[in-house]
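Asks: Those sequence lines, one after another, are chains A and B.
Counted from 1, the first sequence has number 152 at position 152 by our numbering; the numbering is strictly sequential.
For any residue, its number in our numbering is found by taking its place in the second sequence, counting from 1, and adding 1000.
Any given hint could turn out to be false.
[What the hints assert, rightly or not] If you want the footprint, here are the derived chain A segments under chain B, 3+ residues with CB under 8 Å:
no.	stretch
1	24-37
2	142-155
[Said to hold, decoys possible] No more than 30 Å apart at the CA atoms, straight line, and that leaves these computed lysine-lysine pairs for DSS-like:
no.	chain 1	residue 1	chain 2	residue 2
3	B	Lys1278	A	Lys37
4	B	Lys1180	A	Lys60
5	A	Lys60	B	Lys1261
6	B	Lys1479	A	Lys90
7	B	Lys1002	A	Lys95
8	B	Lys1002	A	Lys37
9	A	Lys38	B	Lys1479
10	B	Lys1269	A	Lys37
11	B	Lys1263	A	Lys95
12	A	Lys90	B	Lys1261
13	B	Lys1002	A	Lys17
14	A	Lys342	B	Lys1002
15	A	Lys60	B	Lys1269
16	A	Lys37	B	Lys1479
17	A	Lys38	B	Lys1002
18	A	Lys37	B	Lys1261
19	B	Lys1180	A	Lys451
20	A	Lys37	B	Lys1263
21	B	Lys1479	B	Lys1363
22	A	Lys38	B	Lys1278
Simulated from the structure, these hints should not be mistaken for laboratory data.
This structure is a prediction, so every number in the text was calculated from the model and none was measured.
No residue lacks a Cβ here, since even glycine has one placed at the ideal position from N, Cα and C.
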Amino acid sequence: MNIVIVGAGDVGYTIAKNLSAEGYDIVVIEQNPELAKKVENELDVRVVTGNGSRPAVLEKAGITEPCSIEYLIACADRDEVNLMACWQAKQCGVKRVISRAKAVEYEENPHLSQALGIDGIITPERSVARDVMEMLWINAAVHTSELMEGKAGSYAFKVTRESAAAGKSLREIGAQYPDLPFVIVYIEHDGTGQIPSGDWVLEEGNLCYIITFKEYVLEIQRLFFQEQKRRKHMRRLMVVGGSKVGIQVIRLLGEYHPGVEIKLIDKDHERCAQIAADFPSLTVLHGDGTDEKLLKYEGIEITDGFLAATEDEELNMILAILAKNFGAGKCISFVQKEVYTKLMHQLPIDALVNPNESLASMILRLVRYPETAGSLSLIGRIGAEILEAELPEDSPAVGKTLAELDLPKGVLFAMVSRQGEILMPKGDLMLQKHDVVLIFAMDERMNKALKTLGILQ
Amino acid sequence: MKYTVVLRVLGLLAIIISLTMIFPIIWSMIDGTDDLIPFLQSMTLGIGLGAVLILIGEKREEYAEMNVREAFAVVSLAWIIASVIGALPYFLGEYLPTYADSFFEAMSGFSTTGATVFTEIEGNPRGILFWRSLTHWIGGMGIIVLSLAILPFIGVGGMQLFKAEVPGPTPEKLTPRIQKTALMLWGVYVLISFAEVIVLLVFGMDLFDSLTHTFGTMATGGFSPRNESIASFASPAIEWVIIFFMLLAGTNFVLHLLAMKGKPSAYWKDEEFRFYIKFTGITVLLVTAVLTAHSHYQGFETTLRTSLFQVVSIMTTTGYTTTDFNLWPQALRFLMLLLMFAGGCAGSTGGSMKQVRLLLLIKRVRAEISRLLHPQQIRRVRFNGSVLNLDVITSVAAFYILYMGFFVLFSFIMISLGLDFESGIASVAATIGNIGPGLGDVGAVENYRFIAAPGKWLLSFSMLLGRLELFSVIMLFVKGTWRQ
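Chain A extracted, bound-state conformation (with noise of 0.2 Å):
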């Protein structure tokens, strides 16, 4: 299958690298030729270096009447650029077209990408949002992203010393509370990590990645984490930077948990003044998110969250550790390059959350899955994936047990749900058609766990 990708920043690389690995055929266009040098000496790709919105560009990376490409995925810095480069493509025929945009008012306007006969828009503010939101709302998380809807989830909290899992193994622990449907599919601990036997002991500083569901989340936090007498909920949150994403938790908050107090910080009169038009009940503040006077002023030893949300990434991962440094509660920053996602051990942030991340998984799904599955989770700093899929009529797994099923090493069962009933993954459940499973896979292996359970090709 022939994909072009317009644009190879840090969205289209972790694409085009994932999807050139499967054995799609990818051409990737790229302005800059710096940027275009380095993919075509990493990747077994082609690159065209140009704009993509011009047509003679995208005509040399093979979008011409008869056109043999199948997608087109717009991921370009530039709203522009990405629909002008889809609606060309969808007149020379490419069979589907996905965009990028930045702004939110295209995912929020269905009919204005429709018109342009663009298949897929993903705007990942929204989702990035919710996430983050949870994270503030469970104190332990350090990383959360929805499953099946909203339903369930996957979490990662850090064990700490007096806890109620600390010193057991995980099969004492599932002994012990029978009625937590929680499943630990990797554990991370002193820089290396792997899915754990029955037999593993937590010990202090381990990080679990759990799979669980909504209503349970703050009673299993309960076993990893030892609760402080304060911060029970959070109740003080303060911003700084108010980007879109930004503005995307702000909203969420006031819809969700209406009771918090948020300050927001901004360095930008103008965007400051807009804001506290748009948010009557944010306490919007105009001044440095360095400025140590102000954040002490404004109380930042007394907040239970802060949030880095400026531009600037490198910026984002200073402003946590001062506020962690004064006391803040726990501390979230924003960034945009995977690799800084491998500092969280090293920071002393609790937090780093990268947009680019969803995003990316957001368009792989569209790209790589059948329609029929659910949403999919992309772990980039221990690069595993969670999908959710319907197990078909005539999958080879129907009436087999878990236990008998021979899935790739590095891929397991997070989850069944059986008509809205939820099913612990143990060996001796039998799976039946329509299931919907939860598969928790490493490095790339995804393609062949559906291969082995029928639901892909």
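Keeping the supplied structure of chain A fixed, place chain B upon it in accordance with the hints.
Replies: Chain B only, in chain A's frame:
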């Protein structure tokens, strides 16, 4: 440098090269000649060497990615290993007296130079002669490009390898997958070669001659199983056919591919191709005029054909001859020496400097002159419609300087080894440019046998430098390449 990756790929290549000996073995078996045993021994040794390399490289570490360093090492070492193995049949069968001679002959074959150390070519078994020509054909499109085409797993590092082997300042990937690009290039190469074999058969060559001469032409090599090269056929028709196919071999294969896909206009749209044709035309006119003035040959057709043949042969770096141009007027002899620095187009099988580099240098010099007139002018060099990055021009200039540097240095060494002025210079120009015949003692009807062993090793090295366009080979001598 990740040695294990390098060793593994080299091992595979050694096995591939050894396996190609099956073809000369077929000829030996048909003829029942005594070269069968040396071929079987060489093949076994080659496969053994490959297996050992793979075994050493097979340590724990998963298939690691190939980076620039590994790519340079793999490409240069692959050509050396190919020649080491390729020399075995000559040496083990005692067709050549020393290993230095055998290595020279093998390197000359793979690098498509066509300089020979055989004093008497006819009379050798056909298996050996076929092997000589086959090495040309394999080397023409490239050992690495061949392996990229048939070893799918090289994938990611492939582009690095491709760039390190394929001639020209800016090698281009035609398809998303490097494997497919390599397959397409080899496909075009095989198709045109097939066409030439058919045409030569039609004009009266036997199968053996048409195959070996096709290998020599399409690879711009120059080995012929005949002592007198193409002249021995005394057939104007065959000469015209070979002129035509030498011109094709000297053209960028991407253009052939586009033409086969129904876009023959691609030829004329290409700036380098236009330059190449004009360059050839003007040179031929000049040579024909001088030869006519000296009444060197009888009749216009003969004069035109003879000058066209030698000019195209030297310029595309093939090295076939139909006349001894060493006997031409002095001015033309010098012109032939100059032509050795021209070369074919980028992406062709030809060697030497390449047309595109000459064209870009001319353009750049023009821009410099114009800037002297208008000191504040900003002028960019365009090629095929798009503006060229200054990086490309700089690396072309660096290539030129380095090429000339090696030429001067090696010429000095060759003359120190006892060659006369003219032969010394020509021997280096003819080997670094992958042409074959030079002037004087290494002229069209002579051979390289008389040169002392150190001279042969140096010229072998010079052929390798020329085929891989200097930089890939030089990287072997840079300390940073070997750092762990």
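Asks: For the pair we were handed, Lys342(A) and Lys1002(B), check the Cα-Cα distance against 30 Å.
Replies: holds, 25 Å
Asks: Just to be careful, I want the Cα atoms of Lys1263(B) and Lys95(A) compared with a cutoff of 30 Å; is the pair within it?
Replies: holds, 26 Å
Asks: Does Lys60(A) sit within 30 Å of Lys1180(B), going by the straight-line distance between their CA atoms?
Replies: Cα-Cα ~17 Å, so holds.
Asks: Hint check: Lys38(A) vs Lys1278(B), CA-CA at most 30 Å. Holds or violated?
Replies: Violated, at about 37 Å.
Asks: Hey, Lys1002(B) versus Lys17(A), does the alpha-carbon distance stay inside 30 Å?
Replies: holds, 22 Å
Asks: Tell me if the straight-line CA distance from Lys1479(B) to Lys1363(B) falls inside 30 Å.
Replies: violated, 35 Å
Asks: Regarding the pair Lys37(A) and Lys1263(B), is the alpha-carbon distance no greater than 30 Å?
Replies: holds, 28 Å
Asks: Does the structure keep Lys1278(B) and Lys37(A) at a Cα separation of 30 Å or less?
Replies: violated, 33 Å
Asks: Within the assertion that chain B covers the stretch 24-37 of chain A, do at least three residues meet a Cβ-to-Cβ distance smaller than 8 Å?
Replies: holds (count 4)
Asks: Given the proposed pairing of Lys60(A) with Lys1261(B), does the C-alpha separation stay at or below 30 Å?
Replies: Answer holds: Lys60(A) to Lys1261(B) is near 15 Å, not above 30 Å.
Asks: For Lys1002(B) and Lys37(A), compute the direct alpha-carbon distance and say whether it is at most 30 Å.
Replies: Roughly 23 Å separates the two Cα atoms, so the pair holds.
Asks: Given the hinted pair Lys1002(B) and Lys95(A), is their alpha-carbon gap at most 30 Å?
Replies: Violated. Lys1002(B) to Lys95(A) sits at ~42 Å, over the 30 Å cutoff.
The structure shown violates the earlier hints numbered 2, 3, 6, 7, 21 and 22.
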